[in-house]
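Novice: Sequence:
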Amino acid sequence: MSFAIIFNMNEAEIFDKLNALNDTDILEHFPKKYLDLNPSEEKDLLESQKDIVLFGPISSIKTVRGPFSIIRFIMHAFNKELQCIIYNQPFYSKMLSKNKKYLLITKYK
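Residues in the sequence shown are numbered consecutively from 3, following the numbering used here.
Bear in mind the hints are in silico, worked out from the structure with no lab data behind them. Small disclaimer: the values here were computed from a predicted structure and weren't measured. Some clues are possibly wrong.
So the derived label-pair ranges between C-beta atoms look like this [to be verified]:
{"no.": "1", "residue 1": "71", "residue 2": "13", "range": "27 to 33 angstroms"}
{"no.": "2", "residue 1": "100", "residue 2": "23", "range": "33 to 39 angstroms"}
{"no.": "3", "residue 1": "72", "residue 2": "21", "range": "33 to 39 angstroms"}
{"no.": "4", "residue 1": "18", "residue 2": "66", "range": "32 to 38 angstroms"}
{"no.": "5", "residue 1": "89", "residue 2": "23", "range": "23 to 29 angstroms"}
{"no.": "6", "residue 1": "23", "residue 2": "76", "range": "16 to 22 angstroms"}
{"no.": "7", "residue 1": "83", "residue 2": "21", "range": "17 to 23 angstroms"}
All C-beta atoms in this analysis are idealised placements derived from N, C-alpha and C, irrespective of residue type, glycine included.
Take the sequences, apply the hints, and build the full model.
Specialist: If you want it as structure tokens, here you go:
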């Protein structure tokens with residue numbers, strides 16, 4: 003998965019800064035191509051190559067450094083534990099921390 007990490011703050015701060023009442027209101031602040039995505043919909047969540055929006059806490063993070071950086075973490079979204087991997091983006095390891103909620107826009111592969 004490749005990620006665009008949008009926020010590094012708790013859920014209340016995100017909703018407050020964006021004047022949002024629910025998940026759909028948050029999507030109004032993204033480019034138009036993301037407006038048809040709804041983070042609270044589970045329908046066809048893991049369809050390959052489909053754009054998805056994930057919002058939830060991270061429970062574990064493991065970083066492997068070497069010739070290529072690999073960051074593995076578990077994100078809780080849609081009442082599931084999703085295994086996520088970020089390749090060759092070492093700066094994300096300093097941005098991610100356990101038990102904080104993140105909003106990620108990604109493609110499932």
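Novice: Could you run down the list of hints and mark each one as holding or not?
Specialist: Taking the hints in turn, this is what the structure says about them:
1. Separation of residue 71 from residue 13 is about 28 angstroms and conforms to the stated range, judged on CB atoms against 27 to 33 angstroms.
2. Evaluation of the 33 to 39 angstroms hint for residue 100 and residue 23 yields a failure: the beta carbon distance comes to about 27 angstroms.
3. Range check, residue 72 to residue 21: about 37 angstroms between beta-carbon atoms, so the 33 to 39 angstroms window is met.
4. For the hinted restraint 32 to 38 angstroms between residue 18 and residue 66, the CB-CB distance of approximately 36 angstroms keeps it satisfied.
5. As the Cβ distance of residue 89 to residue 23 is approximately 36 angstroms, the hint placing it in 23 to 29 angstroms is violated.
6. The hinted window of 16 to 22 angstroms between residue 23 and residue 76 is violated, with their beta carbons roughly 28 angstroms apart.
7. Checked against the hint of 17 to 23 angstroms, the pair residue 83 and residue 21 fails, with Cβ atoms roughly 31 angstroms apart.
Consistency with the previously given hints fails for numbers 2, 5, 6, 7, ordered from lowest to highest.
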